[in-house]
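Visitor: Chains as they are written, first to last, in our numbering: chain A, 1 to 282; chain B, 1 to 239.
No lab work stands behind these hints: they were computed from the structure.
As the structure is a prediction and not an experimental result, all values here were calculated from the model.
Incorrect hints may have been included.
Take a look, some chain A residues computed to stay more than 10 Å from chain B by CB distance [to be verified]:
no.	residue
1	N7
2	T9
3	G38
4	A49
5	G56
6	F83
7	T211
8	I234
9	I280
DEER-style ranges, computed between Cβ atoms [said to hold, decoys possible]:
no.	chain 1	residue 1	chain 2	residue 2	range
10	B	P81	A	K36	49 to 59 Å
11	B	N63	A	G130	25 to 35 Å
12	B	P81	A	A157	47 to 57 Å
13	B	N63	A	K27	28 to 38 Å
14	A	D233	B	Q143	47 to 57 Å
15	A	V252	B	G123	27 to 37 Å
16	A	K165	B	F66	43 to 53 Å
17	A	G130	B	K67	30 to 40 Å
18	B	L227	A	S59	27 to 37 Å
19	A	K165	B	K130	54 to 64 Å
20	A	Q102	B	Y196	58 to 68 Å
Where is the CB? At the ideal position from N, CA and C, for every residue including glycine.
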Amino acid sequence: MIKIDINKTLHGSDGEMNLKINLTIEKGDFVALSGKSGSGKTTLLRILAGLESAKGIISIDSEVWQDSHIVLAIQKREIGFVFQDYALFPNMTVEENLLFVQKDRALAKQLLETTELWQLKDRLPSTLSGGQKQRVSLCRAFMKRPKLLLLDEPLSALDPVMRNKLQNEILSLHKEFGTTTIMVSHDPAEIYRLASRVLVLEQGSIIDDGTPKEILLKTSGSQKFSFEGELLDIIKIDVIYVAIIAIGQQLVEVVVSKQEAERLEIGTNITISSKAFAPIIG
Amino acid sequence: MLCFLSILLHGVILLMPYGFFMLETLQNLDFTPFLLSFKLAGLTTLILFFISLPLAWYLSQSNSKFKPWIEAITALPIVLPPSVLGFYILIIFAHIDLAFTFVGLVVASCFYSLPFMVQPLQGGFESLNKNMIEASYISGKSQITTLFRVALPNIKPALLTALIITFAHTVGEFGVVLMIGGSIPDETKVASIAIYEMVEIMDYDTAHIYSGIMVLISFVVLLSVYLFNHTQKKIGGFH
Numbered sequence: 001m002i003k004i005d006i007n008k009t010l011h012g013s014d015g016e017m018n019l020k021i022n023l024t025i026e027k028g029d030f031v032a033l034s035g036k037s038g039s040g041k042t043t044l045l046r047i048l049a050g051l052e053s054a055k056g057i058i059s060i061d062s063e064v065w066q067d068s069h070i071v072l073a074i075q076k077r078e079i080g081f082v083f084q085d086y087a088l089f090p091n092m093t094v095e096e097n098l099l100f101v102q103k104d105r106a107l108a109k110q111l112l113e114t115t116e117l118w119q120l121k122d123r124l125p126s127t128l129s130g131g132q133k134q135r136v137s138l139c140r141a142f143m144k145r146p147k148l149l150l151l152d153e154p155l156s157a158l159d160p161v162m163r164n165k166l167q168n169e170i171l172s173l174h175k176e177f178g179t180t181t182i183m184v185s186h187d188p189a190e191i192y193r194l195a196s197r198v199l200v201l202e203q204g205s206i207i208d209d210g211t212p213k214e215i216l217l218k219t220s221g222s223q224k225f226s227f228e229g230e231l232l233d234i235i236k237i238d239v240i241y242v243a244i245i246a247i248g249q250q251l252v253e254v255v256v257s258k259q260e261a262e263r264l265e266i267g268t269n270i271t272i273s274s275k276a277f278a279p280i281i282g
Numbered sequence: 001m002l003c004f005l006s007i008l009l010h011g012v013i014l015l016m017p018y019g020f021f022m023l024e025t026l027q028n029l030d031f032t033p034f035l036l037s038f039k040l041a042g043l044t045t046l047i048l049f050f051i052s053l054p055l056a057w058y059l060s061q062s063n064s065k066f067k068p069w070i071e072a073i074t075a076l077p078i079v080l081p082p083s084v085l086g087f088y089i090l091i092i093f094a095h096i097d098l099a100f101t102f103v104g105l106v107v108a109s110c111f112y113s114l115p116f117m118v119q120p121l122q123g124g125f126e127s128l129n130k131n132m133i134e135a136s137y138i139s140g141k142s143q144i145t146t147l148f149r150v151a152l153p154n155i156k157p158a159l160l161t162a163l164i165i166t167f168a169h170t171v172g173e174f175g176v177v178l179m180i181g182g183s184i185p186d187e188t189k190v191a192s193i194a195i196y197e198m199v200e201i202m203d204y205d206t207a208h209i210y211s212g213i214m215v216l217i218s219f220v221v222l223l224s225v226y227l228f229n230h231t232q233k234k235i236g237g238f239h
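Sequences are here, hints too, so could you generate the full structure?
Guide: Right under this line is the structure:
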């Protein structure tokens, strides 16, 4: 079990902010950390890793990482950390990147085989694709057999197909090693697939805490479908008005009334929702 | 590049009438000033590398309020006239019997060339991906292991620049050497001093040859640095 009770004043772009987190995480949990940028997600991960200082207590199982007397050095914490930009060592091959952490060839081979990277073990990171680099980074994080795995938006720079593949690998490694994982993510699909618990941060505080179902499937009102999108344009065709809206990666056309067309402002974020609706799922 | 070529060309044209006498002069030429210059530059570079490595690493990683102070002191030799530096060192050396000795020259050169080693190294370390350094700490590695196994191998162009520029700068040093070393043959009479002397006694043949060699060596050294960095950029193996 991980106990976190920390406090730190951050100087962000919106002035001063107090990061105040009081949290208990069960062993083996997969926690997704969500929230707007600047809400303190990455800072929380960095404090757990020991990369940044904060006041308070962090303990994992019976081991104290930080309290009022001691602050355990980064090197001594049993953590794995995956950065968004991979942070591989460019002067070492894929295998050397793993062995640098620990000279455990068997474990390195097992990890590289799980992630289908064994054939690439002698390549330098600069010759790999983004997805391959992130898998190496993931393998490297597991070389210490970490009690706590910290993932800072690990998949946000990758395309959807690669994302899917890596999500599966993260999940299977998480289970295989029995690690407790905290992942920063903005992608609801990703959170739903991977996480057993979601924390939503705002202005340095946890404002929502629950299962992905409870947090993500919340919709206001009685509508069945609800999408957030950006209004790109409103075109007048004969007597009707058509709004072009970007939802995720897709553009859709929606018919709007004249009053609505006058009220809506191009470039703003809007919600489209629908009530009685029998969708066809293909 | 053009400037260097024109100097070279100029040299060749100027030297032509001297051709015949040159041969004779060449045979009797004393190369000890050059050997002394390279010995001095080599030792200075070696010593400065070990002094500057921890210093540059500390400066690149530190947020301390003392950092600007240390940086300013380190950079002083760039802006100070060599005579000022030479004067202070001479005063200190007078008490410890180092003036007009080769050892004294090495110590003085270490002061004089310090920024040329520290600054490229510091710049190299600062350009490294911070997350990569942190990844090494998270992997359980100490600062020293991180410095030698992660940081240093990934700043090869900066490292080479630091070594070569320090070496070349020490070879080219004149003012400090003149004040600290004087001109004792086989002890402190380095190439730049020898050229100055040849001009003073109007031995222009020797001065020409000495100067020509200096231009050639300096050019080749700089060219090799720029060529190396150019190919490294093309490969793109470094950040």
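Visitor: Now tell me, hint by hint, if it's right for this structure.
Guide: Against the structure, the hints:
{"no.": "1", "hint": "N7", "result": "holds, 21 Å"}
{"no.": "2", "hint": "T9", "result": "holds, 17 Å"}
{"no.": "3", "hint": "G38", "result": "holds, 19 Å"}
{"no.": "4", "hint": "A49", "result": "violated, 6 Å"}
{"no.": "5", "hint": "G56", "result": "holds, 20 Å"}
{"no.": "6", "hint": "F83", "result": "violated, 4 Å"}
{"no.": "7", "hint": "T211", "result": "holds, 30 Å"}
{"no.": "8", "hint": "I234", "result": "holds, 44 Å"}
{"no.": "9", "hint": "I280", "result": "holds, 45 Å"}
{"no.": "10", "hint": "B:P81 / A:K36: 49 to 59 Å", "result": "holds, 56 Å"}
{"no.": "11", "hint": "B:N63 / A:G130: 25 to 35 Å", "result": "holds, 31 Å"}
{"no.": "12", "hint": "B:P81 / A:A157: 47 to 57 Å", "result": "holds, 52 Å"}
{"no.": "13", "hint": "B:N63 / A:K27: 28 to 38 Å", "result": "holds, 36 Å"}
{"no.": "14", "hint": "A:D233 / B:Q143: 47 to 57 Å", "result": "holds, 55 Å"}
{"no.": "15", "hint": "A:V252 / B:G123: 27 to 37 Å", "result": "violated, 50 Å"}
{"no.": "16", "hint": "A:K165 / B:F66: 43 to 53 Å", "result": "holds, 49 Å"}
{"no.": "17", "hint": "A:G130 / B:K67: 30 to 40 Å", "result": "holds, 35 Å"}
{"no.": "18", "hint": "B:L227 / A:S59: 27 to 37 Å", "result": "violated, 56 Å"}
{"no.": "19", "hint": "A:K165 / B:K130: 54 to 64 Å", "result": "violated, 28 Å"}
{"no.": "20", "hint": "A:Q102 / B:Y196: 58 to 68 Å", "result": "holds, 59 Å"}
Hints 4, 6, 15, 18 and 19, counting from the list given before, are not met by this structure.
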